[in-house]
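Model the full structure from these sequences, guided by the hints.
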Amino acid sequence: AQSVTQLDSQVPVFEEAPVELRCNYSSSVSVYLFWYVQYPNQGLQLLLKYLSGSTLVKGINGFEAEFNKSQTSFHLRKPSVHISDTAEYFCAVSDLRYGGATNKLIFGTGTLLAVQP
Amino acid sequence: EAGVTQFPSHSVIEKGQTVTLRCDPISGHDNLYWYRRVMGKEIKFLLHFVKESKQDESGMPNNRFLAERTGGTYSTLKVQPAELEDSGVYFCASSPGGQQFFGPGTRLTVL
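So the protein lines, in turn, are chains A and B. Everything in the first sequence is counted per this note's numbering, starting at 1 for the first residue and increasing by one. Everything in the second sequence is counted per this note's numbering, starting at 1001 for the first residue and increasing by one.
Think of the hints as simulated: they come from the structure by calculation, not from any bench. Keep in mind that the hints are not guaranteed to be accurate.
[Stated by the list, open to error] Derived BS3-like pairs (lysine-lysine); straight-line CA-CA distance at most 27 Å: (1) LYS1078/B / LYS1054/B; (2) LYS49/A / LYS1054/B; (3) LYS49/A / LYS69/A; (4) LYS1044/B / LYS1054/B; (5) LYS1078/B / LYS1015/B; (6) LYS1041/B / LYS1054/B; (7) LYS1015/B / LYS1041/B; (8) LYS1051/B / LYS49/A; (9) LYS1015/B / LYS1044/B; (10) LYS49/A / LYS1078/B; (11) LYS1051/B / LYS1078/B; (12) LYS69/A / LYS58/A; (13) LYS1044/B / LYS69/A; (14) LYS49/A / LYS1041/B; (15) LYS1078/B / LYS1044/B; (16) LYS1041/B / LYS1078/B; (17) LYS1015/B / LYS69/A.
Right, here's the structure in full:
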């Protein structure tokens, strides 16, 4: 069974500062990795995903994440945040077996990024 | 192109009542998923439809929950009778195979 850990429930940061949101996962099989963002009163939106290939993945809105297999981590980073990045961020995995890309997502508990002026 | 829509956006019911949530996926998406987030916890998978068939219902908590997908289009999730622990946000997602596109969720409060 897979699990996802997001240790930081809330991350306050000043505008234009860099940020890293941490994600660690546990799985006995290979997985796909995802970061989703939920803005207030909206659905979850895909920020980026790692399926294979380069371990550094670039997503929308200037975010990027690095897959580290030895540390089973997939931390999300942005070099300079904006007020508009205030949202809740979810890390998720799905395993590669059977249906692969159509398999269910296993989510972490989410990290609320609060960008202050 | 319209995204995934969910109805209602909010529902407040009393314990023991019945509630039906509806999800309209993006047109042409064969895969439809239901997830639930209980306050402060992770978003948890409930079930997965491929067209009208249940592909994986391993996350359904108990037999008070019934999901259907009529004709492989929209889906409903019925909770009968509702209990206090059923409160949370219910998300629907659809996919053509690959990325899942999420709706805004239905916030269910059971009093």
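Hints, one by one, checked against the model:
1. LYS1078/B / LYS1054/B: holds, 15 Å
2. LYS49/A / LYS1054/B: Roughly 26 Å separates the two Cα atoms, so the pair holds.
3. LYS49/A / LYS69/A: holds, 15 Å
4. LYS1044/B / LYS1054/B: Holds, at about 17 Å.
5. LYS1078/B / LYS1015/B: Cα-Cα ~14 Å, so holds.
6. LYS1041/B / LYS1054/B: holds, 25 Å
7. LYS1015/B / LYS1041/B: Distance of about 21 Å is within 27 Å: holds.
8. LYS1051/B / LYS49/A: Distance ~25 Å between LYS1051/B and LYS49/A Cα, so the pair holds.
9. LYS1015/B / LYS1044/B: holds, 22 Å
10. LYS49/A / LYS1078/B: Roughly 32 Å separates the two Cα atoms, so the pair is violated.
11. LYS1051/B / LYS1078/B: holds, 18 Å
12. LYS69/A / LYS58/A: holds, 17 Å
13. LYS1044/B / LYS69/A: holds, 24 Å
14. LYS49/A / LYS1041/B: holds, 22 Å
15. LYS1078/B / LYS1044/B: holds, 17 Å
16. LYS1041/B / LYS1078/B: The hint holds at about 22 Å.
17. LYS1015/B / LYS69/A: Distance of about 46 Å is beyond 27 Å: violated.
The structure fails to meet hints 10 and 17 from the earlier list, while all remaining hints are met.
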